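Protein chains in written order, with the working numbering: chain A, 41 to 310; chain B, 799 to 980.
Some clues are possibly wrong.
[Stated by the list, open to error] Part of the chain B face toward chain A, derived, beta carbon under 7 Å: (1) VAL868; (2) GLU900; (3) GLY918; (4) ALA965.
[Stated by the list, open to error] Computed far set for chain A versus chain B, every beta-carbon distance over 10 Å: (5) THR100; (6) PHE125; (7) ARG137; (8) LEU150; (9) SER179; (10) THR214; (11) LEU220; (12) SER222; (13) SER223.
No wet-lab data here; the hints were simulated from the structure.
For clarity, every value in this text was computed on a predicted model and none was experimentally measured.
Note that beta-carbon positions come from the ideal geometry of N, C-alpha and C, so glycine has one too.
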Amino acid sequence: MTRPAWSDPFERAALTPVNPLVSETLTREWAWDGADGAGVRVAIVDSGIDGDHPAVNGVTGAVAIDVDRDTGAVEVTEGPHADLFGHGTACAGIVRRVAPAAELYSVRVLGPTLKGTGAALIAGLRWAIDNDMHVVNLSLSTRSRDHFAALHELADDAYFRGTVLVSAVNNVLTDSYPSLYSSVVSVAASDETDPFSIAYNPAPPVEFGAPGIDVDVAWSGGATVRSTGNSFAAAHVTGLVARLLSKHPGLVPFQVKTVLHAIADNARHQ
Amino acid sequence: VDDLLGPIVRSARAVFDSAACSIALLDHSSDELIFRVADGAGADAIVGRRIASNAGLAGWAVTSGQALSVSDLRTDPRFARDIAAETGYIPSTILVAPLLSEDDALGVIQVLDPAPGGPGLAVLGGFAAQATAVVLTARSTAAGLDLGADLLALQRIGPDEAELARAVLAAVRTYVEAVRAR
């Protein structure tokens with residue numbers, strides 16, 4: 041089993057029990073039973089989405105963010121686009137599996153050139169917040185301190201506007217943003233395979249664990265591969281949040297975190 | 799720089815008990831990844847090859863700055879055809895990690911078909927950090943330190959993953975501090 045970095049606290053034998061918010065109301069049944077993600081707008085900020093992949097079954101909208109390599113100017117192009125790598129399609133397929141009726145929006149920030157990926161990430165996140173996405177799946181992050189303040193401001197903006205940012209921590213041991221901000225739902229891979237599994241880490245920065253090791257995922261060219269990465273754990277949590285919000289519209293980010301904490305696998309009352 | 803990157807791929811291949819390991823560096827002028835060193839299956843065929851910087855898993859790593867593990871690749875006919883055409887070897891599993899310097903990726907390290915139950919992506923990230931240190935040092939100074947010997951010594955470390963990760967990071971830290979002190 042190949043483990044990504046940051047996933048050790050979620051290893052089954054290492055998982056530390058946590059004290060849940062004791063409530064007869066906050067159960068998994070209350071959270072999402074009977075829900076399917078309908079009415080929830082989910083942005084996948086990634087490499088694009090292949091909407092024709094059977095595991096994705098269409099996207100509601102798509103926008104490509106490109107940064108001019110000479111001027112640094114940001115260009116936003118709405119309309120269908122390809123997934124250049126397969127990773128965004130993989131994440132979309134996972135979200136679709138957990139929340140089949142969610143409205144998926146592809147926000148492609150990894151374009152055909154390498155320049156300005158940090159700027160594209162910021163612009164893509166800005167687009168998602170401005171366009172009233174309910175949940176944003178961020179498999180990407182940046183190590184650049186130059187982007188720290190701008191991303192922090194965006195994360196706070198999302199928090200106050202009620203947009204839930206689900207951010208995968210890096211797959212190697214390095215600090216990256218926005219995954220380490222307290223306002224986001226940070227996620228690493230757990231050992232579990234049940235797509236509805238979620239665990240809470242009482243020793244953050246990474247707060248939640250979900251399936252992300254040897255996950256069967258959709259890939260480019262209509263393929264399916266088995267892959268490991270904290271990205272896929274984040275996509276699972278994005279799907280769970282979409283289900284939760286479709287059943288309980290209007291929950292704000294701290295309420296969403298509270299529910300996820302209360303129903304975690306390692307909460308003592310489970 | 800290739801003389802110093804060579805021990806890294808040999809060490810990584812040994813530590814992961816894998817079929818092959820390679821490092822490709824980014825050529826900004828052409829937006830291509832150029833395979834500089836490799837060890838194991840298909841090594842002779844892959845060294846010197848150029849691929850688009852946005853191609854495949856290597857392209858994903860260098861573009862996104864994210865490591866990744868992908869298996870069952872043989873189910874992807876497009877992937878299998880491309881790799882077979884280049885090296886004659888079709889892996890089932892690939893681990894890939896970018897060589898990260900601040901916000902830019904300098905290149906990518908790939909491990910093909912690692913033995914099951916081996917080290918995780920954090921250890922591969924350690925080797926990637928070593929390679930990054932080598933590339934940055936080569937570019938910033940002509941000073942030569944014997945990092946290669948330190949890397950080869952890693953092969954004598956036992957299978958404990960945490961110990962290995964600490965040793966890898968310590969070697970990089972020592973090397974970088976020594977370079978800075980010169």
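Structure-based check of each hint:
1. At about 5 Å, the closest approach between the beta carbon of VAL868 of chain B and any beta carbon in chain A falls short of 7 Å, and the interface hint on this residue holds.
2. The criterion of a C-beta within 7 Å of any C-beta in chain A is met by GLU900 of chain B, whose closest approach is roughly 6 Å, and the hint holds.
3. A least Cβ separation of about 4 Å between GLY918 of chain B and chain A falls short of the 7 Å threshold, and the interface hint therefore holds.
4. The interface hint given for ALA965 of chain B is violated, since its Cβ lies 14 Å from the closest Cβ of chain A, which is over the 7 Å cut-off.
5. Residue placement check: THR100 of chain A keeps its beta carbon more than 10 Å from all beta carbons of chain B (closest about 24 Å).
6. For PHE125 of chain A, the condition that its CB be more than 10 Å from all CB atoms of chain B is violated, with the nearest at approximately 4 Å.
7. Chain B leaves ARG137 of chain A outside its interface by the beta-carbon criterion, the shortest separation being 17 Å against a cut-off of 10 Å.
8. Residue placement check: LEU150 of chain A does not keep its beta carbon more than 10 Å from all beta carbons of chain B (closest about 5 Å).
9. A Cβ of chain B approaches the Cβ of SER179 of chain A within 10 Å, the least distance being about 7 Å, so the stated non-interface status is violated.
10. With a least beta-carbon separation of about 7 Å from chain B, THR214 of chain A fails to lie farther than 10 Å from that chain, contradicting its non-interface assignment.
11. A cut-off of 10 Å between C-beta atoms confirms that LEU220 of chain A is not in contact with chain B; the least separation is 15 Å.
12. Listed as a non-interface residue, SER222 of chain A keeps its Cβ farther than 10 Å from every Cβ of chain B; the least gap is roughly 22 Å.
13. A cut-off of 10 Å between C-beta atoms confirms that SER223 of chain A is not in contact with chain B; the least separation is 22 Å.
Violation of the numbered hints given earlier is confined to hints 4, 6, 8, 9, 10; the remaining hints are satisfied by the structure.
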